[in-house]
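Novice: Residue numbers (the working numbering), protein chains in the order written: chain A, 1 to 114; chain B, 1 to 112.
The hints are simulated quantities; they were obtained by calculation from the structure and are not laboratory data. A hint or two may mislead.
[Stated by the list, open to error] Taking lysine-lysine and the DSS-like style, the derived pairs with C-alpha atoms no more than 25 Å apart in a straight line are:
no., chain 1, residue 1, chain 2, residue 2
1, A, LYS55, A, LYS18
2, A, LYS18, A, LYS70
3, A, LYS57, A, LYS70
4, A, LYS55, A, LYS3
5, A, LYS3, B, LYS59
6, B, LYS42, A, LYS3
7, B, LYS59, B, LYS111
8, B, LYS42, A, LYS13
9, B, LYS58, B, LYS78
Computed from a predicted model, the values in this text were never measured in an experiment.
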Amino acid sequence: DVKVTQSSRYLVKRTGEKVFLECVQDMDHENMFWYRQDPGLGLRLIYFSYDVKMKEKGDIPEGYSVSREKKERFSLILESASTNQTSMYLCASSLGGDFSYEQYFGPGTRLTVT
Amino acid sequence: ILNVEQSPQSLHVQEGDSTNFTCSFPSSNFYALHWYRWETAKSPEALFVMTLNGDEKKKGRISATLNTKEGYSYLYIKGSQPEDSATYLCAFLGDAGNMLTFGGGTRLMVKP
Chain A
1 DVKVTQSSRY LVKRTGEKVF LECVQDMDHE NMFWYRQDPG LGLRLIYFSY DVKMKEKGDI
61 PEGYSVSREK KERFSLILES ASTNQTSMYL CASSLGGDFS YEQYFGPGTR LTVT
Chain B
1 ILNVEQSPQS LHVQEGDSTN FTCSFPSSNF YALHWYRWET AKSPEALFVM TLNGDEKKKG
61 RISATLNTKE GYSYLYIKGS QPEDSATYLC AFLGDAGNML TFGGGTRLMV KP
C-alpha cells in the first residue's frame, strides 16, 4: 500500500514564524502535491513537483514556497506565517508521466496561526 | 480558474437508502475526472478515475457515470450504510492541464 505521511497532525504557530510542513511518500512516485482545504472551498493546489528539484505553482502559491531535494520528500514552507494561512494542509503523491493517475493523500496537518 | 461544482453540499439519508450526487465540470477540453472519498480523521482515498465519455465504474455498492459532452458525472451509492458517511470529492483534469481542480465536495451522513 502507498503510504504518505505528514510530519504533524496539528500545529500552532505565531504570526511571522517560519513554518515547515514535511511530507514523505514511500512508493517512488514522481509527482507530489501540496493542497490546502478550507470550508466550502474544496482542495486548492498550492504547489506541485514532478521531479526532484522541480516545482510548479498551483492556483494559490502566494505566501508559500516548496522544496524537493529527495524524490520521497516534499516540503511546504510558510516564510512568515499569517492568520489567513490557518487551514488544513494535505500532501499527495502520484505516478509520473500523466497527471490523470489517482493521487494518494496524507492525513493532513491542521495549522493554526495565532 | 475552472469551475467544478458539486451538489448537494450535504445530504442526510437513512441506512438502506440509495442516493446520488452530481459533479459538474467544463464540457470542453476534458481529460479525466477523479472521485475521492474523505472520511473524517482519515486521508482522502481515490474511488474512480474516469476518462471516456459514457464510462461507468463500480466498486461494491458505489458506482459512477460520466458524460463529458454535457459536463457532468453522477456518483451513486446503493443501500447506504453508516460507514459510507464521508465527504465525496470530484476533481477535473483538462487536456492542457497538469493540475486537478476539485469541487467543494458533498458531505454524506447516513443515519443508522
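Novice: Each hint: holds or not?
Specialist: Right, here's what the structure says about each hint:
| no. | hint | verdict |
| --- | --- | --- |
| 1 | A:LYS55 with A:LYS18 | holds (20 Å) |
| 2 | A:LYS18 with A:LYS70 | holds (21 Å) |
| 3 | A:LYS57 with A:LYS70 | holds (19 Å) |
| 4 | A:LYS55 with A:LYS3 | holds (22 Å) |
| 5 | A:LYS3 with B:LYS59 | holds (22 Å) |
| 6 | B:LYS42 with A:LYS3 | holds (12 Å) |
| 7 | B:LYS59 with B:LYS111 | holds (22 Å) |
| 8 | B:LYS42 with A:LYS13 | holds (23 Å) |
| 9 | B:LYS58 with B:LYS78 | holds (11 Å) |
Going through the hint list in order, the structure satisfies each hint without exception.
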